[in-house]
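One-letter residues, chain by chain:
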Amino acid sequence: MNTQRIGAIFEKDLKEFRKNMMLLMMPVIPIFLAFMYSRMGEGELPIFLLYLIVGATYSAVTTSGMMTMMAEENEKKTLRGLIQSPASLADILIGKSLVVGLFTLVSLIISLAILGNDTFLAVQPIIGLILLFLFFLLLGIGIGLFTKSVANTSAYIMPVMFLFGFTPMIEFLNLGEDSIAIKIADYFPIMQMIDMHETNSWTAIGIVAIWVIAAAIFTFICLKKVSTDN
Amino acid sequence: MENAIQVSGLRKAFDQQVAIEDVSFHVKKGEIFGLLGPSGSGKTTTIKILTGELEQTTGDVCVLDTDASSFDSTQFKSKIGILSDNSALYERLTVYDNLKLFCKLYGAPLERIDVILDDVNLKNDRNKVVSKLSKGMKQRILLAKALVHQPDLVFLDEPTSALDPGNVIHIHRGLQKLNEAGTTIFLTTHDMEEATKLCDRVAFLDNGTIQELGNPDELRFKYSSHDFHIETTTNEKFVLGNDSKNADQIRDLIAAGKVKSIQSDKPTLGDVFLKLTGKELV
Ligand SMILES: Nc1ncnc2c1ncn2[C@@H]1O[C@H](COP(=O)(O)OP(=O)(O)O)[C@@H](O)[C@H]1O
Ligand SMILES: [Mg+2]
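Line order of the protein sequences matches chains A and B. Residues in the first sequence are numbered consecutively from 1, following UniProt numbering. Residues in the second sequence are numbered consecutively from 1, following UniProt numbering.
Calculated from the structure, these hints are not laboratory results. A portion of the hints provided could be inaccurate.
Which residues of chain B face chain A? A few of them, derived with a C-beta cut under 8 Å, are [claimed, not checked]:
1. K77
2. S78
3. I82
4. S84
5. S87
6. A88
7. Y90
8. R92
9. D97
10. F102
11. Y106
12. G107
13. L110
C-beta: ideal position from N, C-alpha, C; glycine also.
Chain B on its own, in the form it takes in the complex (with noise of 0.2 Å):
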């Protein structure tokens, strides 16, 4: 099937509450998909219920072809990985015995130890006791824990929430490699940035349910007012629309060399997230 992930009609109700509501998408296989939400929208739910740890109330779930019904089997948790909200590591173990666990655990050779330790950057900390390390490094030994089986399939439940700015590009261009070498990647996140440069579509999540899906340059252009905001040498300031009537006025201030600069509006993710739902996304 060309779908890694199928969902349709999903809803998950809890005793007191409902989590998810009529959800419906598919993630192709090799993309990158991004599920983007406020804190309680349904994101972490979701995951649950597409990795087998949460049953569903209503809704069909198909994962790398294999009906939720199956989740349970070897096979299928061989070719996931999963990094939840709060995976957690052995403290008192190093580095490398964590990893040595998960890839006798999901039968793959040891060398992927120190590859996958060198993607995440932590190539000299692998004999280090797991309780030393910082929070962003065990973020680090949880992904690459994640990764070590070479999965067809992960989920990263907000990945980056907890790492400073340089290992947020590190690990971001892991997961770039990632894709490339063919595997599927559905993460959640609430960082705007992250899901306009990571993801090949995206899906906001508002309330448990999906309010817009697209591929985030495309949604950023849909929403866009498509007017021109400029600045003169003279530093004023005016918005045109983007219409064949304003095309001369346009002309002649670039002809007069008075634009100092010119921009047509394209909203940051975070800001049609905005529109749609009246929320940022924090």
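Just chain A, with the same shape it has in the complex (with noise of 0.2 Å):
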């Protein structure tokens, strides 16, 4: 890992990130459901909506803008070049994601300040929402190895997005309260989060650490899968 490195692959995508249309809609996403759901209703927005617009956030900015960096570093064969570079894999990964996180945190705060809402400030909702974004930041890094190019993409972030962006939404498939599938749900990050607003719990922060973890093993696989592929 080399800092000079790592700075010069995030200026160079800062500066991709900012004239990539398709990159930029994707932090307005956030942040136009939270101006619509500012104007929706008076008092305390519900919990699980605020949940809504973090998923929506790490869905579409973190994992989705990672994997579409990766992606296009492999449709234009422009990743080769910098794999013949002195740079690391790290480094290059390190780079983008400090490209990504600057972009997810910037359309977080503005949605949340929108809603005019201070439920996250507070020790265990940053350090969840910390987890969170590594969770689907490392998701991201992992299917965007493997997506040779920018129209593949959009297949991979859908399951992503509705798994675990928008899991609370499953409340209004009618499932029944005791469907496998909403107690299966019920462990997922963001619904662990939202639990932890109710109950004070450290043990959500404790699950959420698990998919973390989990997320970083199914990256390490796809590392090594690519690093091997000869």
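Take each chain as given, in its own frame, and dock them per the hints.
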């Protein structure tokens, strides 16, 4: 790992991100959602709606942004030039993650500011949000390593979005309280975060941390596979 | 070590076919070495093995005193420059920003950018967005990218194949200048004129094996029939062997003022390749 090289990748990807309409649209989605909600009604928004914003930000900006950037490097054959250079894969991934992280942060802060909600301004939710960010980022890296074209990314982003980004929507499927799907979904990261707000329990944070570890293992396996593909 | 590249008994087999078979050669430091062969002969595969992008099936490879197992190291990567057959640029960024990225990745001073842009004749295009440029211009930026960090050794996979003649001359001059400054150049081409003009030594590759190796001029001499082709003032053409028994006849023709032109047979590298492999180099 080398900070100068990470800085070079960061600078390059920041410039590219700003010139890529598709990527630039993504941070706007949650802000737009927040704006709609803020018009909807009086009083406090239910927690699960706040987490729809968080889920939208993380899946549309973090995961999708990372995947799109990696897919484009693969598709346009520019990744090869980076790999041939002294930059390590870690330098490349960290540089990109910083760009994605920056846009995620900006998008999330603006969205939450629009809602004027301070539910997240406490230690537990902030730790949870950081873990959640890592989870979505690692998913984006893992899938991105294999995505050969930008056109393919939407096929991958949909399941991520609906499974992990919009998990609370499962309520609207009318599956009934006892449904296995709902019981499993309760352990998904965003559901655990919602739970945490009701119970203030650290167990929820622990479960999210386990999701992060699982995502890290997934990413690690992807990395191993890509680097031995010859 | 004297040699920048040392290869022996190299073989590369893909799932279905053998791309390289028993290839051995060396490239001296400071040399311009050309790997010549028709499309599919194994040129790109050889470069990929020499730069660590592919692993050989068997054989020994040593580049800049580095064993193939260490081609992944930062130290090795910063000493070489690569122009691949399908290298690419960041199309949304400017020429300058593209080169800036690689300058920083290789730890080279940013002042190098303007020097190298001058070398590839693109000084006035430095702030243009890459997507707006012609194929030939992009190829020259890729070359600049491969050279921006002043590597000890550069690999150029068909560096001039997409360029028009005016640019080719410019690039050749740039490569010669670079070589004079001490950079070893390993290039592949199927352009025989280019090879003849630039290379100190060439290797002919066909079906993954080396058919011949040597200095271009020496090879042309080696495969010459050494015959004299004579054209007379009366437009008669005939061929005489380079033989003492023909000396009087040639002398008499010249003495009688009957010779319009006299040339010794000197095949082009393309002719030599055709002779060796029965293939045209395209
Ligand atoms: N990744 C690969 N998988 C299978 N076969 C390959 C691969 N790369 C190259 N080849 C084969 O190896 C041979 C040499 O290819 P290449 O080195 O690209 O030739 P050149 O650069 O001289 O045109 C060709 O027959 C090609 O089809
Ligand atoms: Mg080739």
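Hint check results:
Evaluation of the K77/B hint against chain A yields a held restraint, the C-beta minimum of about 5 Å falling below 8 Å. Checking S78/B against chain A by beta carbon gives a least distance of about 5 Å; that is within 8 Å, so the hint holds. For the restraint placing I82/B at the interface with chain A, the shortest Cβ-Cβ distance is roughly 5 Å, inside the 8 Å limit, so the hint holds. At about 7 Å, the closest approach between the beta carbon of S84/B and any beta carbon in chain A falls short of 8 Å, and the interface hint on this residue holds.
Nearest Cβ of chain A to the Cβ of S87/B: about 6 Å, under the 8 Å cut. The hint holds. Evaluation of the A88/B hint against chain A yields a held restraint, the C-beta minimum of about 4 Å falling below 8 Å. With a cut of 8 Å, the hint placing Y90/B at the interface with chain A holds, because the nearest CB-to-CB distance is about 6 Å. Given hint, R92/B at the interface with chain A, holds; its Cβ is 4 Å from that chain's nearest Cβ, closer than 8 Å.
With 8 Å as the threshold, the beta carbon of D97/B comes within range of chain A, its nearest partner Cβ sitting at about 6 Å, so the hint holds. Of the supplied interface hints, the one on F102/B holds, with its beta-carbon coming within about 6 Å of a beta-carbon of chain A, less than 8 Å. Hint status for Y106/B: holds, given a least beta-carbon distance of 6 Å to chain A, under 8 Å. Because the smallest distance between the Cβ of G107/B and any Cβ of chain A comes to about 7 Å, under 8 Å, the interface hint for this residue holds.
Among the interface hints, the one on L110/B is violated; its C-beta lies about 11 Å from the nearest C-beta in chain A, farther than the 8 Å criterion.
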